[in-house]
Amino acid sequence: MAFSKIAAENLGGSTLPAISGASLTNVDIGNYSVHAIAEYGETTQYDFTSSAHPVQISNESCNLTATSTSDIFIATISCSAYTNVAGNGFGLMLVKDTASDFSNSNGDTTGNYWLHQTGRYTEMAESTNFYANLSYTCKFTLPNTTQTYFRLNGMIQRPSSGTVTFNVDSYATTEFTRHGVQIVQYKYNG
8 MAFSKIAAEN LGGSTLPAIS GASLTNVDIG NYSVHAIAEY GETTQYDFTS SAHPVQISNE
68 SCNLTATSTS DIFIATISCS AYTNVAGNGF GLMLVKDTAS DFSNSNGDTT GNYWLHQTGR
128 YTEMAESTNF YANLSYTCKF TLPNTTQTYF RLNGMIQRPS SGTVTFNVDS YATTEFTRHG
188 VQIVQYKYNG
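Just add 7 to wherever you are in the sequence shown, counting from 1, and you've got the working numbering.
These are computed hints drawn from the structure, not numbers from a lab.
Keep in mind the model is a prediction, meaning the values are calculated, not measured.
Treat each hint with caution, since some may be false.
The following label-pair restraints were derived from C-beta to C-beta distances [claimed, not checked]: (1) Thr180 / Lys146: 28 to 34 angstroms; (2) Ser168 / Ala106: 47 to 53 angstroms; (3) Ser75 / Asp54: 37 to 43 angstroms; (4) Thr117 / Gln154: 34 to 40 angstroms; (5) Asn140 / Asn38: 23 to 29 angstroms; (6) Gln52 / His123: 42 to 48 angstroms; (7) Thr135 / Asn38: 47 to 53 angstroms; (8) Ala106 / Ile81: 20 to 26 angstroms; (9) Asn113 / Asn140: 21 to 27 angstroms; (10) Asn111 / Ser168: 21 to 27 angstroms; (11) Thr51 / Ser142: 15 to 21 angstroms; (12) Asn140 / Ser110: 25 to 31 angstroms.
All C-beta atoms in this analysis are idealised placements derived from N, C-alpha and C, irrespective of residue type, glycine included.
Could you build all of it, start to finish, from the sequences and the hints given here?
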């Protein structure tokens, strides 16, 4: 079956606008529109030799401010990790804070600042010299319209020995391949 092209002027008599990545804000999707996009990447490696959660695996962060408590945020996360001992496990935890230095959320184990977590055994090393790329997408809302900072933390389960390293890949050297966070904010239009 062959398809033919339809000229823009034949679609309601008006010309369609050009679409680029720069025009992805205020795109109407029902009661929501894309309001803002924030992201950061990280290449610095972080080594750990004991079980712990959360552990800081970046000095970077990104921030957004909700226009109302009905705004929806979609986070897409990717992080590379390595361990030199079979049986070690690692996972990720997206945290938020109203302080840019994350002084409120650092070390929090009560869940007040967690947005999403994958668990310390999301990926478990099946062999020595084990590389993995952890990634996930999650949806959340914010309880107020205060500027909020976002950062990805690590989670480690190390039963006996070895080192767990985040943000390392022997072939991929770009920051978003090693550790990337992107959050899209959808504004509620009523």
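Checked hints:
no., hint, result
1, Thr180 / Lys146: 28 to 34 angstroms, "holds (31 angstroms)"
2, Ser168 / Ala106: 47 to 53 angstroms, "violated (36 angstroms)"
3, Ser75 / Asp54: 37 to 43 angstroms, "holds (42 angstroms)"
4, Thr117 / Gln154: 34 to 40 angstroms, "violated (22 angstroms)"
5, Asn140 / Asn38: 23 to 29 angstroms, "violated (35 angstroms)"
6, Gln52 / His123: 42 to 48 angstroms, "violated (23 angstroms)"
7, Thr135 / Asn38: 47 to 53 angstroms, "holds (51 angstroms)"
8, Ala106 / Ile81: 20 to 26 angstroms, "holds (23 angstroms)"
9, Asn113 / Asn140: 21 to 27 angstroms, "holds (25 angstroms)"
10, Asn111 / Ser168: 21 to 27 angstroms, "violated (34 angstroms)"
11, Thr51 / Ser142: 15 to 21 angstroms, "holds (19 angstroms)"
12, Asn140 / Ser110: 25 to 31 angstroms, "holds (30 angstroms)"
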